Amino acid sequence: MTQEESWMCKYRTLMDFVCQNMRNPSKYKAEERNMLNWLKYNKKISRSGQMSPDREKLFEELLLLLEKHRRINQYAYRNA
1 MTQEESWMCK YRTLMDFVCQ NMRNPSKYKA EERNMLNWLK YNKKISRSGQ
51 MSPDREKLFE ELLLLLEKHR RINQYAYRNA
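Following the numbering used here, the numbering of the sequence shown begins with 1 at its first residue and continues without gaps.
If you are wondering where the hints come from, they were derived from the structure by calculation, not from laboratory data.
Model, not experiment: these values are computed from the prediction.
Each hint should be verified, as a subset may be incorrect.
Derived CB-CB ranges, DEER-like [said to hold, decoys possible]:
hint, residue 1, residue 2, range
1, L63, N34, 14 to 22 Å
2, Q3, R71, 26 to 34 Å
3, R47, Q3, 13 to 21 Å
4, P53, K29, 27 to 35 Å
Quick reminder that beta carbons are idealized off the backbone N, C-alpha and C, glycines included.
Put together the whole structure using the sequences plus the hints.
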């Protein structure tokens, strides 16, 4: 498996997870931790400008989906 195939496999896995569960991966669940670490590493690469343009485009789509399903602090809404 090439690096490109591996990256796409992890990308699809994370995309499927978010679409199915309607939430971002948790750092507290062991089975989700690898997805979260992959996401954080790729954010770092993206911000430093080292990511290839084709991956950058796909990763931006993923970040938009993750922002849509971002955790909401329910306490703040109840007491507002």
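Here's how the hints hold up against the structure:
1. A hinted range of 14 to 22 Å holds for the C-beta pair L63 and N34, which are about 18 Å apart.
2. Taken as a hint, the range 26 to 34 Å holds for the pair Q3 and R71, whose Cβ atoms sit roughly 31 Å apart.
3. The given range of 13 to 21 Å is respected by R47 and Q3, whose C-beta atoms sit roughly 20 Å from each other.
4. The given range of 27 to 35 Å is respected by P53 and K29, whose C-beta atoms sit roughly 33 Å from each other.
Violated hints are absent here; each numbered hint is respected by the structure.
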